[in-house]
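Q: Take the sequences, apply the hints, and build the full model.
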Amino acid sequence: MTETTDKYTGGCMCGAIRFEATGAPVNSNYCHCESCRKHTSAPVVALVGYTVDQVTFTKGQRKFYQSSPGVNRAFCGDCGTPLTWEGEGGSGEMLVEILTGAMDNPDAFPPETHYLHAERISWFDTADHLPRYSAFDEPPYMTEPAIK
Numbered sequence: 012m013t014e015t016t017d018k019y020t021g022g023c024m025c026g027a028i029r030f031e032a033t034g035a036p037v038n039s040n041y042c043h044c045e046s047c048r049k050h051t052s053a054p055v056v057a058l059v060g061y062t063v064d065q066v067t068f069t070k071g072q073r074k075f076y077q078s079s080p081g082v083n084r085a086f087c088g089d090c091g092t093p094l095t096w097e098g099e100g101g102s103g104e105m106l107v108e109i110l111t112g113a114m115d116n117p118d119a120f121p122p123e124t125h126y127l128h129a130e131r132i133s134w135f136d137t138a139d140h141l142p143r144y145s146a147f148d149e150p151p152y153m154t155e156p157a158i159k
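Numbering (our numbering) for the sequence shown: 12 to 159.
Rather than coming from a laboratory, the hints here were simulated on the basis of the structure.
Owing to the predicted nature of the structure, the values given are computational and were not obtained by experimental measurement.
Positions of the beta carbon are idealized from the N, C-alpha and C atoms, including for glycine.
Among the hints, erroneous ones may be present.
[Unchecked claim] What follows is a set of in silico ranges between Cβ atoms, one per label pair, in the way DEER data are often shown:
1) A146 / D89: 31 to 39 angstroms
2) D136 / T16: 16 to 24 angstroms
3) H140 / D89: 36 to 44 angstroms
4) T67 / S145: 29 to 37 angstroms
[As the list claims (entries may be wrong)] Taking lysine-lysine pairs in the DSS-like style, the calculated list, with each CA pair at most 27 angstroms apart, reads:
5) K49 / K70
6) K49 / K74
7) K18 / K74
8) K18 / K70
A: Here it is as structure tokens:
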């Protein structure tokens with residue numbers, strides 16, 4: 012991702028939750044893991060990652076669910092929109108991975124990789140030439156929650 016001080020906004024479907032992300036994201040990817048699929052009820056999810064200090068929630072209070080050890084997922088308690096995956100990145104920084112569909116301008120965040128591609132649903136694949144990883148080999152697997 013390129014360096015920028017741009018601000019990007021987003022939120023849930025009903026408007027109860029709003030957020031702002033500042034600067035260049037850490038990553039933008041597709042995730043095929045079962046946990047992301049269950050969280051979104053979709054065959055794959057696109058995520059855009061920021062360090063926790065780059066993201067500010069400007070309206071409303073998110074609900075949280077600890078989906079696995081060290082991973083918190085946030086959603087709107089009013090409309091149910093899934094919003095984030097939150098945990099510690101391999102570099103030790105706390106990350107907020109925002110579901111790209113919750114961004115007001117999702118076109119600004121084209122995915123750069125596929126993670127956990129080996130876990131994808133057998134009938135689903137994408138016609139792109141992005142790198143596909145079977146595990147979180149690069150960048151390192153994220154293991155701790157951003158919200159404790």
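Q: Could you work out which of the previously given hints the structure breaks and list their numbers from low to high?
A: Number 2 only.
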